[in-house]
Amino acid sequence: MRISLGELAIRYGCDLDGDPDTAIDGVSSLTEAIPGKLSFLANPKLTPQLKATRASAVVLRAEDAQHAPCAALLADNPYATFARIAQELHPPPPVSPGIHAAAVVHETAHVTPTAEISAGAYIGERAVIGEHAYVGPGAVVGPACRLGDHSRLLANVTLVRAVAIGQRCLIHPGAVLGSDGFGNAMSEDGWVKVPQIGGVRIGDDVEIGANTTIDCGTLGDTIIEEGVRIDNLCHFAHNVRIGAHTAIAAQTGFAGSAIVGKRCLFAGQSGSVGHITICDDAIISGKGMITKSITKPGVYASSFPSEPAKKWNRLVANVRRIDTLFERVKALEKNDT
Amino acid sequence: MRISLGELAIRYGCDLDGDPDTAIDGVSSLTEAIPGKLSFLANPKLTPQLKATRASAVVLRAEDAQHAPCAALLADNPYATFARIAQELHPPPPVSPGIHAAAVVHETAHVTPTAEISAGAYIGERAVIGEHAYVGPGAVVGPACRLGDHSRLLANVTLVRAVAIGQRCLIHPGAVLGSDGFGNAMSEDGWVKVPQIGGVRIGDDVEIGANTTIDCGTLGDTIIEEGVRIDNLCHFAHNVRIGAHTAIAAQTGFAGSAIVGKRCLFAGQSGSVGHITICDDAIISGKGMITKSITKPGVYASSFPSEPAKKWNRLVANVRRIDTLFERVKALEKNDT
Amino acid sequence: MRISLGELAIRYGCDLDGDPDTAIDGVSSLTEAIPGKLSFLANPKLTPQLKATRASAVVLRAEDAQHAPCAALLADNPYATFARIAQELHPPPPVSPGIHAAAVVHETAHVTPTAEISAGAYIGERAVIGEHAYVGPGAVVGPACRLGDHSRLLANVTLVRAVAIGQRCLIHPGAVLGSDGFGNAMSEDGWVKVPQIGGVRIGDDVEIGANTTIDCGTLGDTIIEEGVRIDNLCHFAHNVRIGAHTAIAAQTGFAGSAIVGKRCLFAGQSGSVGHITICDDAIISGKGMITKSITKPGVYASSFPSEPAKKWNRLVANVRRIDTLFERVKALEKNDT
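Those protein sequences? They're chains A, B and C, same order as listed. If you're matching positions, the first sequence starts at 1 in the numbering used here and goes up one per residue. If you're matching positions, the second sequence starts at 338 in the numbering used here and goes up one per residue. If you're matching positions, the third sequence starts at 675 in the numbering used here and goes up one per residue.
Note that these hints are calculated values from the structure, not bench results. Where hints are given, some of them may not hold.
Between beta-carbon pairs, the in silico distance windows are [as the list claims (entries may be wrong)]:
1) THR951/C to GLU7/A: 17 to 23 angstroms
2) ARG676/C to ASN313/A: 46 to 52 angstroms
3) MET338/B to PRO97/A: 53 to 59 angstroms
4) ARG657/B to MET860/C: 30 to 36 angstroms
5) ARG657/B to THR295/A: 45 to 51 angstroms
6) GLU737/C to PHE326/A: 20 to 26 angstroms
7) LYS388/B to PRO91/A: 52 to 58 angstroms
8) ALA654/B to GLU737/C: 16 to 22 angstroms
Virtual Cβ for every residue (Gly too), placed ideally from N, Cα, C.
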């Protein structure tokens, strides 16, 4: 894929500072770029890298253009504009319509003629695969699941049952959607399984990371709204609801019926108890644990940074006897009066 | 599936307060129920929802029956009774005996005629698949593994080698049982792998969540006793032993040779070091870290709840200089005497 | 496999204290060994177990030989020597060259004649499978991936795209390598995906645990150097680099562009933010969170051990009002002068 800077400027609404005939054939970082590549500057701290880049062009804000040693596409949001151009220059592999001879499609399933079903994939009863959708090798689409137009299930993904996925979604390998929620009632004979009969609904333009798991609802559905971005190895329990455009980094987990607002950010290894509500625009820092509802946007944290173990162990010992300190101060205050 | 309230009362040993001919065709929550559905009340706080429900019947304790606007099945443990009835009304999909043409079964494996082997499944050398057992699409049963009667391996599960699973177990998609334990000996040439030659034994009535991993033992077996419930993305290292009826929520992990008692509860993202023993009836709260043996039943915790970052950062800064506080108080006490 | 002690002594460079004709047919722990088995003593605390063992021979240091009730192989590093002998007595299953009839290999892929491709495996465009390499049932090797000589991908592993694996590597079931990094640019229309066009490079003699995920680089590669050992359910974000012979226990995660040195040890459930550098020989304890670069070898920690909840909750309450303590001490000091 080759495209001229002039064409890119028109398509992405940028002013161009440079030769419109310059051909671009890919993207790269400022430091690794070679001629023919497009790079970007979003963080002014990287201006020294900008000055030294060998890229043929960069996307940046107008005020940073003076430092570019090459052509520049001017954009208010250089990172987003760069991402859009990068998508054009490095598109996902094309979908090759058809069902591979080594795939198995149940007779009651409906696969549109423009969809691609790869070798070793299995499409179950009453499943529906949309236009231009892709099902990768070894992926399993269980009964009554729906995959929207232009959505992709990569290799070894499993949709268990009653999972409805919107359009233009991307589900990475090994992810499991629609597994039973963790519902058990204690009895004199041990745990009794509570049947999990709800489904999973995934909005449009959602991306779900490798080996992430999203359980079905116990009675209603587990819901991931449009535009949500989920990283690898995350867990979503039954009846969780994640608001539109929220982004969730790796190894984060949500217990049952946690309701999360729109445009929230969860850093890695964070988590939330169940049956709480988190408002829009909350940001949870790494390893953070949410134990009650959040009603105000802002940043929330609950973890300590690592220190040399000797220092940390002393800190822990001090924290553990902090109650003695309260008592001693109280005694001092008594004498002080 | 439709069944009368009178029949349910007889089968589940409940007193019935209402018309025994009322037909029930499914279960629902109090708030979402429509006529024909059965719901339940276990937590008296939800009495307002009970009063407003449109369900045809509810399972509840005798003392709560006065608030039911519909028929009532009276039970000492309404949640467990509801779960049992829900299982009857919403049974798992039936097992269709036979080996799919697109499955591969090794010539030395034994698959009982009543078992179902799905498309894309692989049954390896000397594996044994019990009566009415189910092996889902893409699931792999490695050499010398045994799957007990009525047990189910869902899609893309892997039993690596020497994994013995009891009866009526349910293993969710992507789970891996029998992977090598993490055993390495440091040498001058780097790590030397310690062969992991033990197996995995899973008792009857165990449920294991999606993408959970259970390693084989180094020499003996890794053991999960009967009735244990394990959620998604949990990790069990070599030679761990989990006692009967313990329940373990998502993303929890156990290091090698950790021995856990019966009826313990582990909340999400908790973990335990290896080579320790946890007694029966211990409860570990979310993100809790067990660093030494627990000998007394009860609740154990070690994590902080999230706070607004500004407040939290001040707290962290204060904790880090807590030693200065001890010194200052000591100095004050010296002067005080 | 049976081998004489005399032969083992010669092959592994040990002095032998006992009958060289003693036949050894396997390894075992000190407590579970029966005649014919070889065990080892590395930790002198287990000397009572050594004295009571029924093993035919043990590997141990010369100074511990006096306590052995059986033959002894003397070694400076008994655990590593035992591991090497155990590998010989319990070798991995042999590779049976050939492509199973139920495997699918793309016409542009290259599979060496000595490699084994199992049932249900898929080898994609331009992929290369090395000499004596093994691809397990249901494993997927995507476009432009390379698997080195003698390396093994176990069941249901996925190599997504542009993943290069060295020689003698072992990748456990369900692991995903080469999934897209988590790169998103916020725009007025929500997240814009930043295409992830880098690859993954895995050095020789690397072991990767079950259901672990390693993302491709955004532009350059994500790199795992030779001899690294990774446990189950770990996460490696885009452009992470892990130095040679580092070992990483289960459920640990690294955010984007984290650079980790050689011979580091990460205990379970630990994690690191991105864009930092950790020097060689750093040790991170369980649940530890690294938030900034580490420049000195040593042990680092940041988590609290669990305590009875009542005690812990009081501790948390005290920590949360620690600022009041600082104020009170300040007031006392003021009066004290």
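Status of the hints after comparison with the structure:
1. THR951/C to GLU7/A: 17 to 23 angstroms: violated, 40 angstroms
2. ARG676/C to ASN313/A: 46 to 52 angstroms: Given about 49 angstroms between the Cβ atoms, the range holds.
3. MET338/B to PRO97/A: 53 to 59 angstroms: Check failed, 40 angstroms falls outside 53 to 59 angstroms.
4. ARG657/B to MET860/C: 30 to 36 angstroms: holds, 33 angstroms
5. ARG657/B to THR295/A: 45 to 51 angstroms: violated, 29 angstroms
6. GLU737/C to PHE326/A: 20 to 26 angstroms: For PHE326/A against GLU737/C, whose Cβ atoms are near 51 angstroms apart, the range 20 to 26 angstroms is violated.
7. LYS388/B to PRO91/A: 52 to 58 angstroms: With Cβ atoms ~57 angstroms apart, the hint holds.
8. ALA654/B to GLU737/C: 16 to 22 angstroms: Check failed, 50 angstroms falls outside 16 to 22 angstroms.
Hints 1, 3, 5, 6, 8 from the list above are not met by this structure, while the remaining hints are.
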